[in-house]
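*Asks:* So the chains spell out like this:
2 protein chains.
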Amino acid sequence: MVIKLMKSHASVRDYKEKQLAREEVDELIEAAQHAASSHFVQAYSIVWVTDPEKRKKLGKLSSNPRQIEGAGAVFLMCADYNRLKHAAAMQGQTIVFDQAENLIVAITDVGLVAQNLALAAESKGYGICYIGGVRNNMEAISELVGLPEGVFPVYGLTVGVPNEANEVKPRLPVEAILHENAYDEAKYKTLLAEYDQTISDYYQKRTSNQKSITWTQQMADFLNKPHRTNLREFLKKKGFLFK
Amino acid sequence: MVIKLMKSHASVRDYKEKQLAREEVDELIEAAQHAASSHFVQAYSIVWVTDPEKRKKLGKLSSNPRQIEGAGAVFLMCADYNRLKHAAAMQGQTIVFDQAENLIVAITDVGLVAQNLALAAESKGYGICYIGGVRNNMEAISELVGLPEGVFPVYGLTVGVPNEANEVKPRLPVEAILHENAYDEAKYKTLLAEYDQTISDYYQKRTSNQKSITWTQQMADFLNKPHRTNLREFLKKKGFLFK
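Taken in sequence, the protein lines are chains W and H.
Going by full-length UniProt numbering, the residue at position 221 of the first sequence is 221; the numbering climbs one at a time, nothing skipped.
Going by full-length UniProt numbering, the residue at position 164 of the second sequence is 164; the numbering climbs one at a time, nothing skipped.
So that you can see chain W by itself, here it is in the shape it has in the complex (with noise of 0.2 Å):
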């Protein structure tokens, strides 16, 4: 049942009105928590945006608009070395975490809480929708809730009563992602084509939106670039230096 439900995982992007009330998101929350931490770090926050004010400006700085101020509960989910500071600080000590390694666990702690919630709310029979362009506008999205150095959003993530049903988006097949033993790039050529061929007829026989591009198209047209490239100086202020 569980696997089923992941396999029926579409995006939603169009919400009907119904918010989410507190007893709700307290739910999920708690439920999302028991994933795996790190050292037990816990290294993330989660701001529920629900002052239509705020969302309406986050929608603005996310290029969300629409789907921001639609949505039943918009969370920014966030890493977070603050509280830790706040921990250490109780035992009169001080923490370090602008190493590479500090942010590879707060953006992992992040994401495996980020994906519990997003079951949790499916399983409820939500939609949701991650939202990685709150990383457009870092540092006016951080003003705007306020988080202190330590603290950023790593994206946000939407949540509420579908209005639409989307089409399951074919995955890469299995074996172009699991390799035994020894990884192989030799098989990627014919994976990858086949692939390509699967994702063309999706996009053609889908029913709204539909389009004529291939995968490896789609990702060459957007890798090709650096995207966000303010980021870096963002990260630094916010005290994760990468050493």
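Read the hints as simulated data drawn from the structure, not as lab findings.
Because the structure is a prediction, the values reported are computed rather than measured.
Don't take each hint at face value.
If several chains are the same, the list does not tell them apart, and a pair holds so long as it fits within one copy or across any two.
[Claimed, not checked] Calculated pairs, DSS-like style, for lysine-lysine (alpha carbon to alpha carbon, straight line, at most 27 Å):
hint : residue 1 : residue 2
1    : 205       : 238
2    : 189       : 237
3    : 4         : 124
4    : 236       : 225
5    : 225       : 237
6    : 225       : 238
7    : 237       : 60
8    : 237       : 187
9    : 57        : 18
10   : 236       : 169
11   : 189       : 238
12   : 225       : 211
13   : 169       : 124
Starting from the structure of chain W, add chain H where the hints point.
*Replies:* Chain H only, in chain W's frame:
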């Protein structure tokens, strides 16, 4: 039911001998892949280590010999831009993945897939454990399974039939994680003191490995020094330059 499954999670480090079959691994990974992926880049690969010699070496290199040799399946969850390089090459193009953004995207993609994989396995009665220890010796582990430029192991994941039943560890209270509209650090002092009591009680009463320590003590002791300080240099070699 999904929420109940999440809330029952406790890491399992001791497994019965049964090895997972290829069909079952395929089923779990196919389900896991349905997690969302930023711009659909699917920037991850999974190396399934079945060779006993490699398992032995991996166990030593990641400071978890007993668990890794004894698990029903051992996966290296890798960030991967190599497949995307091949995809772009098929279109006569090259890709850029030397920004902090690319690192966040790949670690996030790995995290969402990994948590789906963990839950899918748990839904079938398996136990799981994440192995951050693979970051102790990333270079040697990358050589062991032949990871090319653009690929690195973010963590391991062991899966198997549990040979132990661990108590669920109490997480931070939801109030300490969830902030409404604005980040509120004023509340930590009281909440963390209460949580220290909860954790201290848990450690003293649990059935094995009892100890007397609070969460803030653990965190202060662990985070008062840098960890895995050679990570950045290794990631640079793999093409992740954090620009």
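*Asks:* Against this structure, judge whether each hint is valid.
*Replies:* Taking the hints in turn, this is what the structure says about them:
1. Proximity of residue 205 to residue 238 under the C-alpha cut-off of 27 Å is found in neither arrangement, the shortest distances being 45 Å within a copy and 39 Å between copies.
2. When the C-alpha separation of residue 189 and residue 237 is checked against a cutoff of 27 Å, the pair qualifies only between copies, where the shortest distance is 25 Å, while the shortest distance within a copy is 42 Å.
3. Both within a single protomer and between protomers do residue 4 and residue 124 lie at most 27 Å apart by alpha-carbon distance, with minima of 14 Å and 12 Å respectively.
4. In this assembly of identical chains, residue 236 and residue 225 lie within 27 Å of each other by CA distance both inside one copy and across copies; the values are 22 Å within and 19 Å between.
5. For a Cα distance limit of 27 Å, the shortest separation of residue 225 from residue 237 qualifies both inside one copy, at 24 Å, and across copies, at 20 Å.
6. Both within a single protomer and between protomers do residue 225 and residue 238 lie at most 27 Å apart by alpha-carbon distance, with minima of 25 Å and 18 Å respectively.
7. Proximity of residue 237 and residue 60 under a CA criterion of 27 Å is satisfied intra-copy only: 23 Å inside one chain copy versus 37 Å between copies.
8. In this assembly of identical chains, the alpha carbons of residue 237 and residue 187 lie at most 27 Å apart only when taken from different copies (24 Å versus 42 Å within one copy).
9. In this assembly of identical chains, residue 57 and residue 18 lie within 27 Å of each other by CA distance solely inside one copy; the values are 20 Å within and 53 Å between copies.
10. In this assembly of identical chains, the alpha carbons of residue 236 and residue 169 never lie at most 27 Å apart, being 36 Å within a copy and 33 Å across copies at closest.
11. In the homo-oligomer, the alpha carbons of residue 189 and residue 238 lie at most 27 Å apart only across protomers (22 Å), although the nearest pairing inside one protomer, at 41 Å, exceeds that limit.
12. Taking the shortest Cα distances, residue 225 and residue 211 sit within 27 Å of each other inside one copy (23 Å), while across copies they are farther apart (52 Å).
13. For a Cα distance limit of 27 Å, the shortest separation of residue 169 from residue 124 qualifies both inside one copy, at 21 Å, and across copies, at 25 Å.
Going down the numbered hints, you'll see the structure goes against 1 and 10, while the others check out.
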